[in-house]
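Protein chains: 2
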Amino acid sequence: MSRMLQIQAHHLRNLFYPKSVAIIGASEKKGSLGRAIMENLLKIGFPGKIYPVNIKGNSCFGLKVYKSVLEIREDIDLAVIIVPAKVVPEVVEDCGKKGIKSAIVISAGFSETGEEGKKLEKRILRISKKYGIRILGPNCLGVYNPKGRIDLIFNPPDRQDKPKPGDIALLSQSGAFGATFLDFMAEEDIGISSFVSYGNAMDITESDLLEYFAEDPDTNVIAMYIEGVKNGRIFASMAEKVVPKKPIIVLKTGRTNSGARAASSHTGSLAGSDQIYSAAFKQYGILRAETINELFVKAKALAFLNPATGDRIGIVTNGGGAGVLTSDFIELKNLKVADLGEDTIKRLETVLPPQASTHNPVDILGDAPAKRYVDATERVLNDKNVDGLIIIIVPQSPALEYNELVKGLVHIINAQDKPVVIAIPGGRIAKKLAREFERYRIPAYRTPEDAVLAMKALVEYGKALRKYKEKNSSAVIQKIVVKKQ
Amino acid sequence: MSRMLQIQAHHLRNLFYPKSVAIIGASEKKGSLGRAIMENLLKIGFPGKIYPVNIKGNSCFGLKVYKSVLEIREDIDLAVIIVPAKVVPEVVEDCGKKGIKSAIVISAGFSETGEEGKKLEKRILRISKKYGIRILGPNCLGVYNPKGRIDLIFNPPDRQDKPKPGDIALLSQSGAFGATFLDFMAEEDIGISSFVSYGNAMDITESDLLEYFAEDPDTNVIAMYIEGVKNGRIFASMAEKVVPKKPIIVLKTGRTNSGARAASSHTGSLAGSDQIYSAAFKQYGILRAETINELFVKAKALAFLNPATGDRIGIVTNGGGAGVLTSDFIELKNLKVADLGEDTIKRLETVLPPQASTHNPVDILGDAPAKRYVDATERVLNDKNVDGLIIIIVPQSPALEYNELVKGLVHIINAQDKPVVIAIPGGRIAKKLAREFERYRIPAYRTPEDAVLAMKALVEYGKALRKYKEKNSSAVIQKIVVKKQ
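So the protein lines, in turn, are chains L and A. First residue of the first sequence? That's 1 in my numbering, and the numbers climb one at a time after it. First residue of the second sequence? That's 1001 in my numbering, and the numbers climb one at a time after it.
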């Protein structure tokens, strides 16, 4: 990395791991954004120094309030700006004078509102360039990093749950959707490395953030909500660098005529034809989600598991109907229901009752105890015609010993390399059992359909990686040929 | 109804509202099906008389155990049979002699297991015909009717949650999937009128059950899981009678080659080409669900709301991104994003801030309080270009007063006829708010995509009803023409 890039990456890192934060617009006023951010930052136990700033002075949650950042003597890593739009230029100027190099402008009222707002946004950009400040926003929800204990989300804590620490970085162009996604992840018990809402992307764009998360050791997968990207070429060339290192999964809206019209009035994104995005995503190996649910279903699998080396999927189930549904879905999603080898079928016959199905889907029957699951799983996983396995557990069955099942399956699954996802359909009890498997980084879903989507992502990412490898090795070959000349 | 049909319907009613039940194979033995059924029936507070029957005699949960139904003096409305397969013919013979007219054979080991089992099943059928007993099963999970307080499901209560009373009848060919569906409905807080798993459908078929639920006053919508139907023509002619009265929504698997192969080995269903099923479903106005989730998303909307009279959908949202996603989904699902009338746009301009979008999707902005929702909803619902409305509530917004929102929206929505579905994306807090709306029979979903699927079902059912109406009026016209001749 060049020195310039290193400095930039450092300033992005300050968004997620600042040692000191100035909250400009901090307040104790009920219902104010300044209050919610102060509450959230205190609640999460931010380990650094907090400097509330407000023109009115006084104190805020027991902390001294500064009238301007220029009054603060110590260094400030990050300024969070929540003052009215028209005051923002002046505040950013102060940040520049103070030597602050990273800022989040949460305030709205800029390019998203029309011509006047666009001018105001350009003014801020000029000031930020003058002082070399990297700015996130404006018009954004903020940043959340549970590991670094930084929570700069402006929604009040009693209305906004947030996920536990984990491996998924989440980038959202939409602030409101970002809030919803965090709440959704918390409910589904899916962990996050960092969340960032980047709003108008005046300075820091989705591509800059991709670059940062590609190097972030806590992030295994990058999930994104976008309506459009700031600069298609830069985004593509960044994706080309990131995807070989870690998967990118995108929920891109504005796909239809109606959606594109709505996107243009929402974020001003010229959504462009969906075909162009689709082609680009395919070319660079960016994975796509069709729905909110699919985004997290796929991100979880990509965060936990190695990609699949092929598309032939095995199924082990104690419910025949679930086996039928899963077979349908595998074929509908352009994966293959694996043809088991004759050896495997013989080996299954020795451990399954005569009424069980030893062909794929392997139906071990409703009265299957844990041992039958373990035996069947071991045999199907060892088949060289199987690239990935979906295990379906109908947990209502009285025959299943849950503890033995988890212990036995985890042992076999984690001792080998093929990806295994689990579907435990049902409600409360199913969810509880799913969490047991996920403690061992085996993703478990509430429907067979979700399990197939998860497997699809692992197959597609595997394919993308192989394509990159081939390209690189042909590049190497070209070099050799050149040398020979 | 003919006298014969009345008697048959009466015997089906005995499955769901028996006054006395003999549990043949009742037991206190831990892990036994006989114990689970006794526990479930006692737990739900069955108001009728329970007669445990077991060849071993003795007592069961404090009740006297009879060695045979023939020992019981009182009349028995329903026999539940859970003895080993080979004993079933003899037990059914006893039931016949006792004058029992309705039975559920839960035991497995019949036609689903091969030639021997097929013979055994035929023997039972002959006995049942001889005595005029209507039999559900064999190889089924049982029956659940929370209003009639009848629970004959053999899964132990600590592994199987069950839904509250409601308007959806659920019919499942698969027992294990049935168990899962009940658990799923309980978790999602979706109410049920009755659940029935009909297994091998030796005597009582899905068509008989459709006929029963068409007349059941507690059922507003019939949801089904099937891999194939027993007799396509009978099913079609039954659907033709039922659909004009209440909607049927089906999750049919065995759609693909892989799925059809799996179905044939699971229930022996010759799944037939999916095109044939699709064409028949379309012709008779049977709605289809692609996934488990979709089955219940659609069933809930159909249970609560009138069908839509057209496909032009309005959107009101406090999240711009959610508006874009919803517009996409409406178009992808072949519905239309309604073009609002000029009057409506003008009327919206008077109540929305200048930065709001007064075109569809109507974006009332992230800082919208309850009143803005109510004002916008009233205006969009009154537009004659709008056939149905999706309201999206991003609940994390600090500006929303929940109580006022629910009160205001319920008042407006329930005072008119157009269907309105709500999407409240998020987690715990979103779910809680959704339940508030559902108390007033306004269906509320956790993603905008689910809300669109729900609306799609209402549009499709409306279309099916109009088609039936046209057909009938043309039939009337034909008659008149005939008379004239």
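Any given hint could turn out to be false.
Think about it this way: if two alpha-carbon atoms lie no more than 30 Å apart in a straight line, the pair counts; the simulated DSSO-like pairs of lysine-lysine are [unchecked claim]:
1. K1333/A - K333/L
2. K29/L - K1431/A
3. K1282/A - K30/L
4. K1384/A - K1282/A
5. K1333/A - K432/L
Everything labelled a hint here was simulated from the structure, so no lab data went into it.
Verification of the supplied hints:
Between K1333/A and K333/L the CA atoms are separated by roughly 18 Å; this keeps the pair inside 30 Å, and the hint holds. Taken as a hint, the K29/L and K1431/A pair is honoured in the structure, with Cα atoms around 28 Å apart against an allowance of 30 Å. Proposed proximity of K1282/A and K30/L is contradicted: the alpha carbons are some 55 Å apart, above 30 Å. Among the hinted pairs, K1384/A with K1282/A is consistent with the structure: their alpha-carbon atoms are about 28 Å apart, no more than 30 Å.
Pair hint K1333/A plus K432/L does not hold up; C-alpha atoms about 34 Å apart against a cutoff of 30 Å.
Hint check: violations occur at hints 3 and 5; the rest are consistent with the structure.
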